[in-house]
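Here is what each chain is made of, one letter per residue.
Number of protein chains: 2
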Amino acid sequence: MPVGATLFDAASWNGIAVDSTCGGHGTCRKCRMRVVEGDVAVSRLDPRAFGPDELRDGWRLACRARAEQDLRVEVPPLVTRPKAATVGVGRQVILRPAVQKRCVTLPEPTLSDQRTDLERLRDALPDLELRADLPVIRDLSRALRAGAADNADAAGAVGSTVTAVVVDDVLVDVEPGDTSGRLFGIAFDLGTTTVVATLLDLATGTPVAVASLLNPQQPFGADVITRISATMMDVDALDRLTALAHDALDQLAGEVCADGGVDRGEVYEIALAGNATMTHLALGLDPEPLGVAPFIMASRSFDALTAVDLGVRVHPRARAYVFPALGAYVGGDIVSGALASGMDRDRRIRLFIDIGTNCEILLAAGDRLFATAAPAGPAFEGAAIRCGMRAAPGAVEGVKISDEDVLLQVIGDVAPVGLAGSGLVDAVAAMVAAGLVDASGRLVTPDAAGVPPGLADRLRQVGQERVFVLHFRGDDPVDSLYLSQRDIRELQFAKAAIATGWTLLLEEQGLTGEDVAQVLLAGSFGSYLAPAAAVRIGLVPDVALLRIVSAGNVAGEGAKMALLSLRERAAAQALVEEVHYVELSDRADFNDRFVDRLAFPV
Amino acid sequence: MPVGATLFDAASWNGIAVDSTCGGHGTCRKCRMRVVEGDVAVSRLDPRAFGPDELRDGWRLACRARAEQDLRVEVPPLVTRPKAATVGVGRQVILRPAVQKRCVTLPEPTLSDQRTDLERLRDALPDLELRADLPVIRDLSRALRAGAADNADAAGAVGSTVTAVVVDDVLVDVEPGDTSGRLFGIAFDLGTTTVVATLLDLATGTPVAVASLLNPQQPFGADVITRISATMMDVDALDRLTALAHDALDQLAGEVCADGGVDRGEVYEIALAGNATMTHLALGLDPEPLGVAPFIMASRSFDALTAVDLGVRVHPRARAYVFPALGAYVGGDIVSGALASGMDRDRRIRLFIDIGTNCEILLAAGDRLFATAAPAGPAFEGAAIRCGMRAAPGAVEGVKISDEDVLLQVIGDVAPVGLAGSGLVDAVAAMVAAGLVDASGRLVTPDAAGVPPGLADRLRQVGQERVFVLHFRGDDPVDSLYLSQRDIRELQFAKAAIATGWTLLLEEQGLTGEDVAQVLLAGSFGSYLAPAAAVRIGLVPDVALLRIVSAGNVAGEGAKMALLSLRERAAAQALVEEVHYVELSDRADFNDRFVDRLAFPV
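Top to bottom, those sequences are chains Y and S. Under our numbering, residue 602 is the last one in the first sequence; the count climbs by one each step, no gaps. Under our numbering, residue 602 is the last one in the second sequence; the count climbs by one each step, no gaps.
Derived from the structure by calculation, the hints contain no laboratory data. One should not assume that every hint holds.
As the list claims (entries may be wrong) - Sample of chain S residues with no beta-carbon within 12 angstroms of chain Y, all distances over it, derived: (1) Pro-176; (2) Ser-229; (3) Gly-342.
Said to hold, decoys possible - Label pairs and their computed distance ranges (CB to CB): (4) S:Pro-47 with Y:Pro-375: 45 to 51 angstroms; (5) S:Pro-47 with Y:Pro-47: 54 to 60 angstroms; (6) S:Ala-588 with Y:Arg-44: 34 to 40 angstroms.
Said to hold, decoys possible - Chain S stretches covered by chain Y per the calculated footprint, using a threshold of three residues with CB under 8 angstroms from any CB of chain Y: (7) 271-285; (8) 583-592.
C-beta atoms are modelled at their ideal positions from N, C-alpha and C, and glycine is treated no differently.
Can you make the complete structure from the sequences, with help from the hints?
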């Protein structure tokens, strides 16, 4: 921590939950700490919170106490429920949302106190530098008078009790009476395939409701490139894609509010994590420059967005936070995921790999972060694989090959229909292990040396192409579930692209795969991938299997964290500014490394 | 000037025109000055603008040269047309509008330069901290590519030439090519009676076209109080008044643009001066609290307004500057007028009096400024006067009374129809001088001592009331143009209210009317008022007539100045913060002073 930081901030940064209801503004007097070694001056507010004995004993309000030297400080255990939420990869987030509600009672104006409505409110919130746009000023005097009427009903006209809703330093509403217990936000994970919304209670940090749906942009293409192409071919496609994104977000907002018993008007902020294409489309920005070299974004980040900009009907002046992007192919979803994974908070050498059509790779090495994108192609999503399919009932997600037989792990209690991405990796890994595929990726012939007799019959031809049958349907392999030579090549190219990515990132830092302390596999595909198979085909560095961790839906977790904590949002911004982005398509050594990485390690 | 101010700023503050096309950003290298006494360090940019000999001789770029000690500096005479406009009461305004256009050529992106569109633009304008909202980001890449195409046509693809339009620190547009010569603004004077628009060329500071119309809100009432009452009685009235204000402003914008040969889209900022009620109505703010004690405004000032907020269809993201108000009855029009009159720039004791139904009074005394509002009532607008009328053809605007006759000065070459405000003041002043009205305001009887025989016949009765006939139409005074006892009382109450206002302001500073060095009469009525008559009836302090100055339409002048110069805008803000507002309706001594001031000085 820098010299002069408050004890409150120091505790928060270190993940120590501090009791506070004013967010460190010096008004709730709850953030009591005792300085046991070192000196901290008594602040103006301390005598109001502590008696002389307590002050002598070192008690201070943490939000006013500045550490000018090394200190040892005792933090009392929280007696109330800790205001912290566990999200992401087991991280605790200190609750300090951008949204805050502040209930104040304003004195009635008189001829000797003719302050304007806005001045009266600002003076009651001296710690905030409130900005107020015209619409909220329009509502302000109405709320003040309604607040006054309420008070007059209760205990005579003592003033107007109103609740100011503030997001960052923007006044978004002034509500009559005390509504400070009700404030909500929605975190969106806007994926190319799936859209997920989580309603969060920003007063407690707890999730209230979750809903998801398939991205309705799918008819325009399964992946980002086809959707970008659609906008280049049809002048109306951008508007339609934007409208579809808005519809999806708004529908989910309605669902989680209904589920959670929350009025849409009580949602004052939304946060969204998505890749650069999804973000551009949702904001109505032309995505064409993302799709063609040199891959240029309109902007890395977007300030002062509102929920209206994303088509989400919640509070009419609700703000929107959209995760900033590192590059056209390392988008806000990855920044969000890196945040949730604490990629910036761990000095070990770690790789973060989000596997998809476009594979994003982050390398954390000490204080430094590097990012790149690798064009893996659609193999992992089953698109270019003869018997490929998405992870759905009937999809083979795991494959084991013994000397005699092939064992398939199928999603749902049904007959195998096709091969999911994880099943593809598993199958090829097992075939390499069984000697059915050689190091160069070639399917062996049935009569090759070492092919177990029980498996030789599965090595067939379909047309001109060699295949390995995983599951017979009748005797003709063309009707069966099989893996073709071309499928294996597809996988080989995909994994080589990814492996080239992390190899180049590691090489630039003078590192090799052996130096990697942890590999985080992110994204829905990464969650299902068997670490052993990933190592076996060379998709990830050859590290101990326990060091390969499935990170889950980290993009969504990061979006929640951004809603709950301005500190996390600042950390995301810092990530974007600190990460060194490495463009692979520009590299002279890319093809060399790619060829190196095509082979299967044997 | 504070230590460390630039020579550029020092010159500007002292009204010395400095040649500059970049507004002091260090890029045009035109603000050359020679330091002849004292030392100023050579800046990083100086060697690019001057040779070694010149640097040794003391030549510096004024915008980079900081005065750390007293200096004597030679400012070369302007060889180009001075970039300054003469507006207001003979003041020169240094041209530095909030709107600026900056033409830049941006390098084409490459794989090794993947900066986003916005970053590319920001990096080309390093002196600006650009904020860009979503709509302008949407247009940005389109403009960049259009700019690139234009360049490719001309001289091969060297980059994109675009012109950034910036208002304050907000990017409002990016236009393909170099459009930097075309930037305009519209200054509006939104009066209760009349609305005036002036189109200004912000590149040269010159007015291009002017248009005016009667405020179409008039059917809702002639003055602000009746319009406020209308909103209290009819729930739709506010919306209609707002729409009427928008229509008027937009119609005038269309007229001045058509007259000036300017596209509406080339107008990037508008400025508006109006009283608090006109401003509230135009912004759709409930004016009711302005109309009832304790007279509370929603806000004193409004940030981040756009032309859309005022219903003016110019550039879709044009900004709007609305003059801040001192109080519910000393509005932005008065701040604008005080600015144009240089009330903050003159250490003499000066009074600024804007006479109308509501009379605003400012007192400048040394460094200090005081303001108040006096409820003069509608006498000066002819509303409560039996034969009163607005200043229009047929209105008597001047009255002279000799021993034998009454001479009327009539607007237009027509028979007298009624009495304008200035004629009313003139008539009463002349009647007091002729002994026809005594000090207490009573009309004398025809047989009273000292009444000239030639005038006695004009002292008649209409019903129960005594009148003085100014112009006979037949013999029955009821058909004639006359002034009644009640009319004189109306004027007496009006002038007493105003005189009480300046008397109390002066008294609070230990001053009397004799200390006043200058009286500025503002507003359309003030322009027509005869100084001698105003002194005669005690409407203004009894000072030498040459010290009573008609200031003209200063509210409109101030609005122009705010468009032309951020410095003037800052001065307006400083005025609002520095002026001490004195509420008269709260004063125990108001009625005493009011009674003192009812009499006519004789």
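Here is what the structure says about each hint:
1. Here S:Pro-176 stays apart from chain Y, with its beta-carbon at least about 15 angstroms from theirs, past the 12 angstroms limit.
2. No Cβ of chain Y approaches the Cβ of S:Ser-229 within 12 angstroms, the least distance being about 17 angstroms, so the stated non-interface status holds.
3. Against the 12 angstroms criterion, S:Gly-342 stays outside the reach of chain Y, whose nearest CB is about 27 angstroms from its own CB.
4. With their beta carbons about 49 angstroms apart, S:Pro-47 and Y:Pro-375 fall inside the hinted range of 45 to 51 angstroms.
5. The beta-carbon spacing between S:Pro-47 and Y:Pro-47, approximately 58 angstroms, falls within the hinted interval of 54 to 60 angstroms.
6. With their beta carbons about 38 angstroms apart, S:Ala-588 and Y:Arg-44 fall inside the hinted range of 34 to 40 angstroms.
7. Counting residues of the stretch 271-285 of chain S whose CB falls under 8 angstroms from any CB of chain Y gives 3; the rule of at least 3 is met.
8. Under the rule that three or more residues need a Cβ within less than 8 angstroms of chain Y, the assignment of the stretch 583-592 of chain S holds, with 3 such residues.
In summary, the structure agrees with every hint in the numbered list given earlier.
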